[in-house]
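S.K.: Residue strings, one per chain:
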Amino acid sequence: MNFAWTKEQHAFAETLDALLSSARPVAAARSWALGERDPGLALWRALADVGVPALCVPERLGGLDAGPVEAAIAFEKLGYHGAPGPWIESVAVAPALLAGTSEETVLTEVAAGETLVSFAAPPLTPRAVDAAGARVFFLAEGGALHQGVTGPLAASVDPGRRLFEVTPGDHIADLADSRVAGAFDGAALACAAVLLGAGERLLATSVDYVGERRQFGRPVGQFQAVKHLLADVRVALDFARPLVLGAAHELAAGSPDAGRDVSAAKVACADAAHLAARTALQVHGAIAYTVECDVSLWLLKVRALMAAWGTAGFHRDRLIRALI
Amino acid sequence: MNFAWTKEQHAFAETLDALLSSARPVAAARSWALGERDPGLALWRALADVGVPALCVPERLGGLDAGPVEAAIAFEKLGYHGAPGPWIESVAVAPALLAGTSEETVLTEVAAGETLVSFAAPPLTPRAVDAAGARVFFLAEGGALHQGVTGPLAASVDPGRRLFEVTPGDHIADLADSRVAGAFDGAALACAAVLLGAGERLLATSVDYVGERRQFGRPVGQFQAVKHLLADVRVALDFARPLVLGAAHELAAGSPDAGRDVSAAKVACADAAHLAARTALQVHGAIAYTVECDVSLWLLKVRALMAAWGTAGFHRDRLIRALI
Amino acid sequence: MTPEFTEREQAFRAEARDWLRANSPGRLPSMDTPAGAVAHREWERTLAAGRWSVVAWPAEFGGRDATLTEWVLFEEEYYTCGAPTRIAQNGISLLAPVIFEHGSAEQRQRYLPSMADGTDVWAQAWSEPEAGSDLAAIRSRADRDDDRGGWVLNGQKTWSSRAAVADHGFGLFRTDPAAERHRGLTYFLFPLATPGITVRPIAQLDGDPGFAEIFFDDVFVPDAGVVGDPGAGWKIAMSTAGNERGLSLRSPGRFCAAADRLLALWRERGASSPHLRDRVVDAWIQAQAYRLYTWETVAKVEQGWSVGAHGSVNKLFWSQLDVDLHETALELLGVDQELRGGWVDDYLFALAGPIYAGTNQIQRNIVAERILGLPR
Amino acid sequence: MTPEFTEREQAFRAEARDWLRANSPGRLPSMDTPAGAVAHREWERTLAAGRWSVVAWPAEFGGRDATLTEWVLFEEEYYTCGAPTRIAQNGISLLAPVIFEHGSAEQRQRYLPSMADGTDVWAQAWSEPEAGSDLAAIRSRADRDDDRGGWVLNGQKTWSSRAAVADHGFGLFRTDPAAERHRGLTYFLFPLATPGITVRPIAQLDGDPGFAEIFFDDVFVPDAGVVGDPGAGWKIAMSTAGNERGLSLRSPGRFCAAADRLLALWRERGASSPHLRDRVVDAWIQAQAYRLYTWETVAKVEQGWSVGAHGSVNKLFWSQLDVDLHETALELLGVDQELRGGWVDDYLFALAGPIYAGTNQIQRNIVAERILGLPR
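Residue numbers (UniProt numbering), protein chains in the order written: chain P, 1 to 324; chain W, 1 to 324; chain H, 1 to 376; chain C, 1 to 376.
Worth double-checking, as some hints may not be accurate.
Taking beta-carbon pairs under 7 Å as the criterion, some of the chain P residues facing chain H (in silico) [what the hints assert, rightly or not]:
no.: 1; residue: Thr-150
no.: 2; residue: Pro-152
no.: 3; residue: Ala-154
no.: 4; residue: Val-157
no.: 5; residue: Thr-167
no.: 6; residue: Pro-168
no.: 7; residue: Gly-169
no.: 8; residue: Thr-290
no.: 9; residue: Val-291
no.: 10; residue: Ser-296
no.: 11; residue: Ala-307
Bear in mind the hints are in silico, worked out from the structure with no lab data behind them. No residue lacks a Cβ here, since even glycine has one placed at the ideal position from N, Cα and C.
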């Protein structure tokens, strides 16, 4: 039995942490929200150098053909560091939907970090994130894959998520249900992992802040009420993480339970990240309510991702159907 | 505008507090749970001397013909002090269902404190509490009122609530829907008030205990976590109380909104009392988990009354129907 | 509908309702944007022209001498009809009670009428970078200048709501550095255009500059700008913090209107979300509880009761209710819950509730110590 | 089904499952009643006869030298098949690790085999009336008696689970009254039949005497009843409190089995309670999370990781999960939720979770200070 990251997986996570810590992702994210993409694209290329966008691309198209476990590690780190851009769509969704179609060469560009990809897939993903500057596709209900025609911007609660209306263009392929389901599960699990990382970041930042911030003559973190709020966040995150790992294993094995387990992971990570966000705001006070405080980036990101690739209502509904 | 207890109502509440504080209701409740009724019946007669069982009985039958507001005050105090017996059934339900029927003279005995009354009214009240030693009635769906035939005891989570199976005996009357509904609302509101009183008692006992109990060299009540738990109980109870008063006014006025507002009061009082109970257990620790600690009486009473005269599910369902 | 009102109260309510329905412009652009500020000031002028701006004030200052009951009725009607948020709110609810109770006759004449008609918008200057929840840790100071007959202010204030659009500020400064914490603070009023004052707007979660930092660099304020005695500032500020006007922090009408909007959303989308039923019902119950609690408080205040620390009970309840209600609405919106607009913007606003005007941790301390009597 | 197991592990699991299905008597009367205690001891004998009583112990003492993974697999199967609660639990999970690590060879031979086959049931004697959460405040003392070669115990212990039916007790007593709090405590073992010991059973919420007070009045315990060095009791007790056996406090199999029962109840009654869907789903998610968290912990422990303070994270989670799951079941039962029987009894048991073995307040302090590193 081995149900923990391997040494190689730990090393991969550490590589990403080191790279992202030194690459100023917050500055890139702030620029990205204003439509200035250059710092974000530079970050994207740096991550391509360590293989992130190639993770799920088949080897024959220049990818690493790694599995959902490695992808989940990468997405947690992207969430922790707040890297901007359509990572879920390019890394998790594109390989699952495009391989074997007339557009599969796009994946070679994705693996090289040269092309960003985005999708609209109504009803659960009605708009495409970061569609401007990306190759956009449209997946209709029933599995018909089209080129995507980018429409106007729709304002998200997270200014870092630049959402666009998309309409279908040229038809590309009709995809099997199982394939569409697998792509959705990969995206939902990636989203869960990003939320987990964002929750970890919010907790880490909160712990740092309350250790330094003094009120009433002592660090705020010495007050028992603050301690207990943060302890509950630690608990929620610790018990969300193994659900991500478990669902990734199921997905890798093509298990019939994969959809159910991805839903459990998405629900638990969204709840834990939301608790982390609300608690971060509470223990920071007004400072975290400002745009200039970096905490606000993760607060708004979490709120937006809670509904991305399946709301809590959708995933709980899917779970109860699977369970009864 | 006047939306608070009048001077007379305050005086009534104080009378009940004084009487109940000196009448050892806890000892009576402990005996009652073992089937020893004498101390409980003595308490019942003492409360009859100040008019409690006569509150809702018509004047022509020897009652006080007071309204739901006075009844709610009495029930809160009965809940606070933990008086045992079928108070809701005798004081709130019996006058509403028996007046004008061939059994209405029972109400004169109720008003005098000589007779206890209990009801089974399936599906929401399938068993009659304290049926042994009481006049028992059975109200079928559709409004047919029968004599009740008492069957075997069913163990409640609250040993102080001695529940009995009941089957219908002789037919007494067919009651109008509005009358049945009014009786149910009176019972549900009485139950809400008992829960409110129980919640207040649990809070008061907890505050006393944490002020005295010392751990780590100081009173437990000095720990911020304990303070905050108890503060939240204070908030919940403070905002449940006006819902009881408001529903009592609606019920007194025969308002079409009365049922909806009774449901709101029952839901809020059950939630607040439940929070008070869980918190009392948490701040007392193991001592409150023992039968010999008086806190356990209210813990178990609250758990049982949460489902009596309409579960939370029933009342929230009735609310949403009324609201849309 | 409980509670019952007198004929006079009902007539007052009807008059307010009719006027508001005829005159309210509905939702305006955010008051923290330049265009929104203009529109909100315009609305204050309209309110004042109809004598609905400060109903509880004496007629002499633009009010109607309304009773507490009438004032709460007005607020219910105000929110029910969806009238705009009040740009004059800080002045009316936080400063005016202080001026009425501790100000000079001259200060009342000088400041109140222009506050009532929206000519002068006020911003509070309480918190400092190192004095948030711990307000008594204020360091900004005012030094005596006998030659000019006044004081020289230096320091920095922050989280000052409306400061980006306001004309005047009010706040506490330390006039006796030797005195301990709560002592030695003085209550000042000052135009934000005074030389030496710099206002730096701060963008909130929604992107609008809802509050600002205010920097004081040798700012001269004459004695006429001091409320009450020098050194008595803390006592003055606290004397009105917990009075019945503490009710005004959040009118019940606001939550009842929001609960009604939530029910409307439920009617539209609830069929596909039966699992949200309890949260919708509970939002309505809580809004109703808040309304009735307010009326109970009004009745008790009219019987002579003092709100005091119970303002903290109140704040804990409405701030949690506000967040819960809006989160439920977002869930009902499904995939659209991330789009800016009515519900999301109101949600972002609600998020400030548990932290502003004393975090909910501080409020729980107050409830535990001053109401429950737990040991400090 | 993740995680994946080796063939050897799968074979172990299959053998355990087959044996348990063939031998488990299912739910027995409460072990805190006289009849229930007899039935539970009988079951321990059956377990021991099949060598399933202490699978992780060395074969020498009745075990199977099972790996940590195998032990957790056994626990999963144990709860899945609905086998009885373990009357030997206190001894096996709290005392045995101490005897293995700090006991003498003689103590191991004397106490472990009779613990493994249910002959001797053990009760812990930790808490005292004034030392609950603050365990280091223990006052019960042991005075040296050189003449008899042992110690004389006096004082009072409380909340001693199983003491009403047990044969032996183990606990800490103060042997050096001058030493500070954690120092000067010694770890003792003693038969409850020793002259001077009085056990007073205490009825729990469910009416059964699940714990007891133990009074010590000049109770003589020979040196052979001391574990480790005199004065080292605290360190000994703590050295095993956070080790991997801390996992055993609540097996994941227990919650997975309860979640499955909840789903069965949902299938039966859920149609009329759509509003409870989320709570049912969340109970299942949490049970699943607990199971996977346990496997993650097992994997990390086998990689050399130490559980330490993370036992507190674990306890916070399962104790809350247990209460939530059972409250959801009660809601599903509708009007029958007040009737004693399976769900209500299990609910009353679950209510002890957040207070026993260190209240959840204490656990949160530990998580905040020892894991998050917040200042004391």
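S.K.: For each hint, tell me whether it holds in the structure or not.
M.R.: So, going through the hints one by one against the coordinates:
no.	hint	in the structure
1	Thr-150	violated (17 Å)
2	Pro-152	violated (13 Å)
3	Ala-154	holds (6 Å)
4	Val-157	holds (5 Å)
5	Thr-167	violated (17 Å)
6	Pro-168	violated (18 Å)
7	Gly-169	violated (22 Å)
8	Thr-290	holds (5 Å)
9	Val-291	holds (4 Å)
10	Ser-296	holds (6 Å)
11	Ala-307	holds (5 Å)
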